[in-house]
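2 protein chains.
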Amino acid sequence: MNDDTALIAIDWGTTSARAYRLGAGGRVLDERSAPLGIQQVRDGAFAAAFASLLGPWQGLAVPRLACGMIGSRQGWVEASYRACPVAISALAGDLTHTPGREMAIVSGITCRDDSGVPDVMRGEETQIVGLVDETSDASLVVQPGTHSKWTLVRRDPAQGAIIHRFATYMTGETFAVLRDHSILGRLMRPAETFEREAFERGARRAIASRSGGEILHQIFGARALGLFEEIAPESIADYLSGMLIGAEVAAGARWAGQASDEDALWLAGSEVLCMRYALALRLVDRHARIAPSDVAARGLWRIALHAGLVKG
Amino acid sequence: MNDDTALIAIDWGTTSARAYRLGAGGRVLDERSAPLGIQQVRDGAFAAAFASLLGPWQGLAVPRLACGMIGSRQGWVEASYRACPVAISALAGDLTHTPGREMAIVSGITCRDDSGVPDVMRGEETQIVGLVDETSDASLVVQPGTHSKWTLVRRDPAQGAIIHRFATYMTGETFAVLRDHSILGRLMRPAETFEREAFERGARRAIASRSGGEILHQIFGARALGLFEEIAPESIADYLSGMLIGAEVAAGARWAGQASDEDALWLAGSEVLCMRYALALRLVDRHARIAPSDVAARGLWRIALHAGLVKG
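Residue numbers (the numbering used here), protein chains in the order written: chain R, 1 to 312; chain C, 1 to 312.
You may find that some hints are simply not true.
In silico negatives: residues of chain C with every beta carbon more than 10 Å from chain R [said to hold, decoys possible]:
1. Gln58
2. Glu102
3. Asp156
4. Thr193
5. Pro233
6. Ser270
A partial selection of chain C residues facing chain R, derived with a Cβ cut-off under 7 Å [to be verified]:
7. Pro118
8. Asp119
9. Tyr169
10. Met170
11. Ser211
12. Gly213
I should point out that these hints are in silico values taken from the structure, not numbers from a laboratory. Ideal Cβ placement from N, Cα and C applies to all residues, glycine included.
Extracted from the complex, chain R is given alone in its bound form (with noise of 0.2 Å):
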């Protein structure tokens, strides 16, 4: 098994954690995951996780390079935000190591609204070094979520790829909340299936606004047609979800200006999400392309190979 591989290749998050072992090219030749994420572990046992995720793996003599919330503040140690605009070789360059190098971290991103209001990001920028290779222009990139991410990517005749500017939107957390702790809650039932017709009737909703609250006037709609029975119960949590992420599509449409009509413009995240996106955006008239699951380690087999730590 040894002589195959070149990287082990981590993306470890809030919820789970996911090794790959990469081989010459990046090329993955086996994978692990583990209900692990930085929520799950106690105490710190960040070195115990470590080991039970990598399994057999641990005997291995090769780099290990991880991304995520593990450099968080919360994780195992804290890797520093690198300020947009950011070269891959610039996140290359600032890799952190776990107290016992057990493994390097990537560095997280951050960047700053035109009100000067920070953001962050960590994790993504990985996938999103992942996925630039495939495209050759500028592209914006479209990772659904718990916190949404939209960023523009533009090509440096120096420095190649360069992650531009991004913002966040809270969107699959807020639905979460409304969903499991408010009013909106209460005339839902599960749906067996995707309710399409719902989800679209609520992205239309939401698209049409153009002031920053009405998406908060929008939503009680979802209880005033429950309470009218003008909506099946089993349809309410897709009009609100539509409602959601059609409130962030125009919003995000909006942010990515007009520049990004011609690039590429891709969806990174969990299939039945990047669905949902997917229909929200043809709704503003945008074709997206949804990338491969498995970003996030030629992301970090990228970086790998910029810090030097492996072969070309």
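Chain R is already provided as a structure; the job is to place chain C on it using the hints.
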């Protein structure tokens, strides 16, 4: 005591109930309150809750008129919804009685927005009826709360004050679920005083936005600012409150339209919330008057007058 009493007016909401003993001309002689909102009453024991709320007033042989969530499907008996536009006389002509005729309940009201989605109100319409007596012209009434209401009132030569249309904003509940259940609450520390600067900073940020979903991005700023220690932990909650109320106020002012610039603008609700809304409204150049605290009692009196339950 009986000699003076003309009406017992009851404002019965989700979390609490308040009863007023009204004399000639609707003057408040006395009031009683209890933590007996409909969510606190178990197994439909509303008659017992009613007896406890009224206490020594139970023996008074006078009409009893209630408004609020007590008339909802989860309340004592379901009162209907009148469709906007609604005149006071229409509310007075549509009272629902409890099974034992312990009291009558005012209808809720409903309207539809431009896209045909319904909205509902129950209790606030009675406060509005109590308030519009104060002003001779058209007015805009803002009732901050868990589900804030924005209402346009017009005056009809024949029917008097008409509740023209309204819109609900889930601002208070969205704030509460984000503070209590999302990542935004993690870095917050309780403040002993109102952090006005943080509130206005948040409100300005939200008011400047132009797209329905931008608020989903902006609220994440409360996290990133906290992470970078660019905001005090004691200020994060008021910064978030400012963003959400700012977003509502910007959307509400837009919803109300140009017509309302010269109309009376009323704020009716808890003193603490009205103060926050007045600050945010000032940032969009609107100056609000604060309603008296007993507008529900006044509204119930006026509806009772129209219904012939009391003499003027």
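Verification of the hints:
| no. | hint | in the structure |
| --- | --- | --- |
| 1 | Gln58 | 33 Å, holds |
| 2 | Glu102 | 25 Å, holds |
| 3 | Asp156 | 26 Å, holds |
| 4 | Thr193 | 23 Å, holds |
| 5 | Pro233 | 14 Å, holds |
| 6 | Ser270 | 19 Å, holds |
| 7 | Pro118 | 4 Å, holds |
| 8 | Asp119 | 5 Å, holds |
| 9 | Tyr169 | 4 Å, holds |
| 10 | Met170 | 5 Å, holds |
| 11 | Ser211 | 4 Å, holds |
| 12 | Gly213 | 3 Å, holds |
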